[in-house]
Amino acid sequence: MSAYPYPTDALTHRNRRTAGRGGLSSKDGNARGVVSMESSVLLSEVLPGGATWSHVLKRGTALRITDVEGGANVAAYFLNFELPAERFNLPDTLKAQHTARLTKGHVLYSDMGRILCSITEDTVGWHDPIAGISNASLVEKKYGRGGYQQMRNKWHQNARDGLSVELGKYGLGARDLHATVNFFSKVTVDATGDLHYTPGNSPAGSYVELRAEMNVLVLLNSCPHPMEPGKAYAPKPVTLSISKVPAPRTDDACRMHCRENLRGFLLTEFYFL
Amino acid sequence: MATVNLQMSSLRPEEALEKFVVEGGDWFAHEIRRGQTVRIVDLEGNQAVDTLFYNAHDYSDRYSAQDTIREQESVYLTAGTRLISTDGNVLLTIVADTCGRHDTLGGACAQESNMVRYAIEKRSMHACRQSFVQAIQHWKHGLEKRDITSNINFFMNVPITPDGGLTFADGVSEAGKYVELVAEMDVLMMVSNCPQLNNPCNAYNPTPVEILIWDEHVR
Chain A
1 MSAYPYPTDA LTHRNRRTAG RGGLSSKDGN ARGVVSMESS VLLSEVLPGG
51 ATWSHVLKRG TALRITDVEG GANVAAYFLN FELPAERFNL PDTLKAQHTA
101 RLTKGHVLYS DMGRILCSIT EDTVGWHDPI AGISNASLVE KKYGRGGYQQ
151 MRNKWHQNAR DGLSVELGKY GLGARDLHAT VNFFSKVTVD ATGDLHYTPG
201 NSPAGSYVEL RAEMNVLVLL NSCPHPMEPG KAYAPKPVTL SISKVPAPRT
251 DDACRMHCRE NLRGFLLTEF YFL
Chain B
274 MATVNLQMSS LRPEEALEKF VVEGGDWFAH EIRRGQTVRI VDLEGNQAVD
324 TLFYNAHDYS DRYSAQDTIR EQESVYLTAG TRLISTDGNV LLTIVADTCG
374 RHDTLGGACA QESNMVRYAI EKRSMHACRQ SFVQAIQHWK HGLEKRDITS
424 NINFFMNVPI TPDGGLTFAD GVSEAGKYVE LVAEMDVLMM VSNCPQLNNP
474 CNAYNPTPVE ILIWDEHVR
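Protein chains in written order, with my numbering: chain A, 1 to 273; chain B, 274 to 492.
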């Protein structure tokens, strides 16, 4: 399905790829889950460390986030762009899929029983949905003061302020920011319930791919994970690329992941009736 | 299994300032002033009590499950846990707990999530989110749907495994078990006494809970 054709002529980004769209036709229906994004990249850009980004990711496209250097952390939050009162619901996401980590095959549920995005590719295997995001006092306590006056754009930013400001640009704000996901980071829970941050979870070149199942306002922030043990503020960049992708088939790996996801996809498809 | 951290309270119910019984499927909203103590009693056992807290003077400053988990470095709540707000304030501290641990990752049930989790036909069954939305509509003072965030499930057992699994297990609570919190600032407490009939979070049998409030001077 190509419900949202891009005005590709308007995209002049230096990294734009113009290769053909081979491999995306309906004839390719048996190549289960193996659709090369490379052939259809619409836009590609670098998100520096410590920065915030947002985009309305259209249904029929996917966003790939690549940890270029290794050790990146990307806090992410998602809202239904058409109806922002509907937004990412972390508890519903975890309990529907009986998981306390996120990886390929999982989907991100809204509070309305629908799927915002599916995780269609993942080379990491564990993304942290538990530990939340950094805030100004945490960053100052960990890394010391790092104001803009002294440090210019290397200043010590934090994810909570970054995401709140980004939401503000859409007429939303901090009150709209609920629980988030940390891509590329791993925090385990031991038998007593204690948390443990796992360093080195994401080697250079790791990536995760999110397929939009509706038009999703995606907000990303590349500040360090709040539990990373480093003494110096050293946020890592990621690259972001958006591609056209086919609609999920009946045998889609995320749809088939569990019975709950079958119903989640069904309810999402009802939304578009 | 998880460590169990039992802590009894010396407060006497007959000295409580106020007492309320919240039936299964009902909601409860009440301000707790700084220094006051609130106790939730699982009257019949294995009841999930979905609870949200707000700074009573600024509802945008509200309970944050992720900040609370990270700051304690533990996914379970028990005696000694400080409930952290989005602005980094300590809203309340758990001072007594005869259950041992409480969940804050499982969230509240909703008609919509019941459709995903159990069956499309479950839509019309009562759910916590119905109660929370009704609670904010009655409480007013500017509370909106966006203020209904990830809550605490007192008495609910949602074990997380070291390999990242999550399950809803039989309750660890029993009749008469309680959890008690001291308000570190003026807070609004909002409760949905869970009506869920589809999983063991309340033993498939929603039952009443009692909420008691003591004034500061009794401690």
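Keep in mind the hints are simulated off the structure, nothing from the lab. Where hints are given, some of them may not hold.
Claimed, not checked - From the structure, some residues in chain B lie toward chain A, with a derived Cβ separation under 10 Å: (1) Lys292; (2) Glu296; (3) Ile393; (4) Ile433.
Unchecked claim - Straight-line C-alpha distance at most 27 Å; calculated DSS-like pairs for lysine-lysine: (5) A:Lys58 <-> B:Lys413; (6) A:Lys142 <-> A:Lys58; (7) B:Lys292 <-> B:Lys413; (8) A:Lys169 <-> B:Lys418; (9) A:Lys141 <-> A:Lys154; (10) A:Lys154 <-> A:Lys231.
What the hints assert, rightly or not - Label-pair restraints from in silico Cβ distances: (11) A:Ala247 <-> B:Lys418: 23 to 31 Å; (12) A:Glu82 <-> B:His303: 33 to 41 Å; (13) A:Leu83 <-> B:Thr434: 32 to 40 Å; (14) B:Ala442 <-> A:Arg145: 44 to 52 Å.
Just so it is clear, the structure is predicted and the values come from calculations on it, not from any experiment. From the three backbone atoms N, C-alpha and C, an ideal C-beta is built for every residue, glycine too.
Point to revise | Hinted contact Ile433 of chain B with chain A - closest CB pair below 10 Å | key: With a closest approach of 4 Å, the Ile433 of chain B hint holds.
Review point. Given the hint that Lys58 of chain A pairs with Lys413 of chain B, does the C-alpha gap stay at or below 27 Å?
Key: 35 Å, violated
Practice item. Compare the distance between the alpha carbons of Lys169 of chain A and Lys418 of chain B with 27 Å, and conclude whether the hinted pair is satisfied. Key: With Cα atoms ~20 Å apart, Lys169 of chain A and Lys418 of chain B stay inside 27 Å; holds.
**Study point:** Proposed interface contact between Glu296 of chain B and chain A, which counts if any beta carbon pair is under 10 Å
**Key:** With a closest approach of 24 Å, the Glu296 of chain B hint is violated.
Practice item. Using the beta carbons of Glu82 of chain A and His303 of chain B, state whether their distance is inside 33 to 41 Å or not. Key: 36 Å, holds
Review point. Going straight from one Cα to the other, do Lys292 of chain B and Lys413 of chain B come out at no more than 27 Å?
Key: Roughly 23 Å separates the two Cα atoms, so the pair holds.
**Study point:** Residue hint Lys292 of chain B, partner chain A, criterion CB-CB below 10 Å
**Key:** 30 Å, violated
Practice item. For the pair supplied as a hint, Lys142 of chain A and Lys58 of chain A, confirm whether the alpha-carbon distance does not exceed 27 Å. Key: Not satisfied, since the Cα-Cα distance of roughly 37 Å exceeds 27 Å.
Practice item. Given the range 44 to 52 Å, decide if the beta-carbon distance of Ala442 of chain B to Arg145 of chain A lies inside it. Key: 45 Å, holds
Check your understanding: So does Leu83 of chain A sit 32 to 40 Å from Thr434 of chain B, Cβ to Cβ?
Key -> Holds: the Cβ-Cβ distance is about 35 Å, inside 32 to 40 Å.
Review point. Under the criterion of a CB-CB separation shorter than 10 Å, is Ile393 of chain B in contact with chain A as hinted?
Key: 6 Å, holds
Review point. Holds or violated: Lys141 of chain A with Lys154 of chain A, Cα cutoff 27 Å?
Key: Roughly 17 Å between the alpha carbons, so the hint for Lys141 of chain A and Lys154 of chain A holds.
Violation of the numbered hints given earlier is confined to hints 1, 2, 5 and 6; the remaining hints are satisfied by the structure.
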